[in-house]
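From first to last, the protein sequence lines stand for chains C and P.
Under our numbering, the first sequence has 910 at position 19, and the numbering climbs by one with no breaks.
Under our numbering, the second sequence has 81 at position 75, and the numbering climbs by one with no breaks.
Calculated from the structure, these hints are not laboratory results.
Where is the CB? At the ideal position from N, CA and C, for every residue including glycine.
Treat each hint with caution, since some may be false.
Taking beta-carbon pairs under 8 Å as the criterion, some of the chain C residues facing chain P (in silico) [what the hints assert, rightly or not]: (1) K933; (2) V934; (3) I992.
Computed cross-link-like contacts, DSSO-like style, restricted to lysine-lysine with a CA-CA straight-line distance of at most 30 Å [stated by the list, open to error]: (4) C:K948 / C:K974; (5) C:K969 / C:K948; (6) C:K933 / C:K974; (7) P:K75 / P:K9; (8) P:K75 / C:K969; (9) C:K969 / C:K933; (10) P:K75 / C:K990; (11) C:K948 / C:K933; (12) C:K933 / C:K990; (13) C:K948 / P:K9; (14) C:K990 / C:K969; (15) C:K948 / C:K990; (16) P:K75 / C:K948; (17) C:K933 / P:K9; (18) C:K974 / P:K75.
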Amino acid sequence: EPEVTQTPSHQVTQMGQEVILRCVPISNHLYFYWYRQILGQKVEFLVSFYNNEISEKSEIFDDQFSVERPDGSNFTLKIRSTKLEDSAMYFCASSRVAKAIQYFGAGTRLSVL
Amino acid sequence: DAKTTQPNSMESNEEEPVHLPCNHSTISGTDYIHWYRQLPSQGPEYVIHGLTSNVNNRMASLAIAEDRKSSTLILHRATLRDAAVYYCILTTDSWGKLQFGAGTQVVVTP
Chain C
892 EPEVTQTPSH QVTQMGQEVI LRCVPISNHL YFYWYRQILG QKVEFLVSFY NNEISEKSEI
952 FDDQFSVERP DGSNFTLKIR STKLEDSAMY FCASSRVAKA IQYFGAGTRL SVL
Chain P
7 DAKTTQPNSM ESNEEEPVHL PCNHSTISGT DYIHWYRQLP SQGPEYVIHG LTSNVNNRMA
67 SLAIAEDRKS STLILHRATL RDAAVYYCIL TTDSWGKLQF GAGTQVVVTP
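The shape of chain C in the complex, shown without the other chains (with noise of 0.2 Å):
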């Protein structure tokens, strides 16, 4: 069964330094979205992206954030510079059509120091 595949697993990097979480979507899928979850919060919308640009994006998503298709297959999260709030799960997800079923990756556990 296709899946979304997030790496690093866990990515662990000090205060002030760039991170790139990436994301392979399943290949059919043309709906990507990132969420976050920090440890023992629900889980939050970040953005979401279709036809190469962000169709919508959350207030957390500030100009700290940017998002990249840079190929056919990967889908890009970068935090510009990383501060110790930004620690939490990030989830990858990607969806055929809008407001269809989303499928999530495992995430990548980012750990700011």
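With chain C's structure known, arrange chain P on it following the hints.
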């Protein structure tokens, strides 16, 4: 944004059915009702969804009230692997954004 209300937790014995309620009194006519679950240390996983009619799949059943203001996810025979947080979500957003609440923590005891 349309919101849902779920109990914080529910407990069930293994191989017993589990009925998870969800209230969504502000649902609009085009909103689908989706259920996802999140097993410990994993990403959310789709369970089932519906619009007006009851739905069944290999994982669960979804019973939707006639006025659509509430729904119930039914796990027919709970297993230890079903221990997870279950989220009831209305897909209201045109771009498909999912808005997760706190969900219902299901505990399954052997």
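These are the hints, each one checked on the structure:
1. Because the closest C-beta pair between K933 (chain C) and chain P is about 5 Å apart, less than 8 Å, the hint holds.
2. Interface restraint check for V934 (chain C): the shortest CB-CB distance to chain P comes to about 4 Å, inside 8 Å, so the restraint holds.
3. Evaluation of the I992 (chain C) hint against chain P yields a held restraint, the C-beta minimum of about 5 Å falling below 8 Å.
4. Between K948 (chain C) and K974 (chain C) the CA atoms are separated by roughly 19 Å; this keeps the pair inside 30 Å, and the hint holds.
5. Distance check on the hinted pair: K969 (chain C) and K948 (chain C) sit about 14 Å apart at the alpha-carbon level, within 30 Å; holds.
6. Between K933 (chain C) and K974 (chain C), the direct Cα distance comes to roughly 19 Å. Compliance with the 30 Å bound is thereby established for this hinted pair.
7. Proposed proximity of K75 (chain P) and K9 (chain P) is supported: the alpha carbons are some 11 Å apart, at most 30 Å.
8. At roughly 40 Å between alpha-carbon atoms, K75 (chain P) and K969 (chain C) are farther apart than 30 Å, so this suggested pair is violated.
9. Only pairs whose Cα atoms come within 30 Å are accepted, and K969 (chain C) paired with K933 (chain C) is accepted, the gap being roughly 21 Å.
10. In summary, the hint linking K75 (chain P) to K990 (chain C) is supported, as the alpha carbons are separated by about 20 Å, within the 30 Å threshold.
11. Pair hint K948 (chain C) plus K933 (chain C) holds up; C-alpha atoms about 17 Å apart against a cutoff of 30 Å.
12. Taking the CA atoms of K933 (chain C) and K990 (chain C), the gap is about 20 Å. The hint holds against a cut of 30 Å.
13. For the given pair, K948 (chain C) sits about 19 Å from K9 (chain P) by alpha-carbon distance, which is consistent with the 30 Å threshold.
14. At most 30 Å may separate the alpha-carbon atoms for a hinted pair to count; K990 (chain C) and K969 (chain C) meet this at roughly 25 Å.
15. Straight-line distance between C-alpha atoms of K948 (chain C) and K990 (chain C) comes to about 16 Å, which keeps the hinted pair within the 30 Å bound.
16. At most 30 Å may separate the alpha-carbon atoms for a hinted pair to count; K75 (chain P) and K948 (chain C) meet this at roughly 28 Å.
17. With a C-alpha separation of about 14 Å, the suggested pairing of K933 (chain C) with K9 (chain P) holds against the 30 Å cut-off.
18. Between the alpha carbons of K974 (chain C) and K75 (chain P) the distance comes to roughly 41 Å, so the proposed pair goes past 30 Å and is violated.
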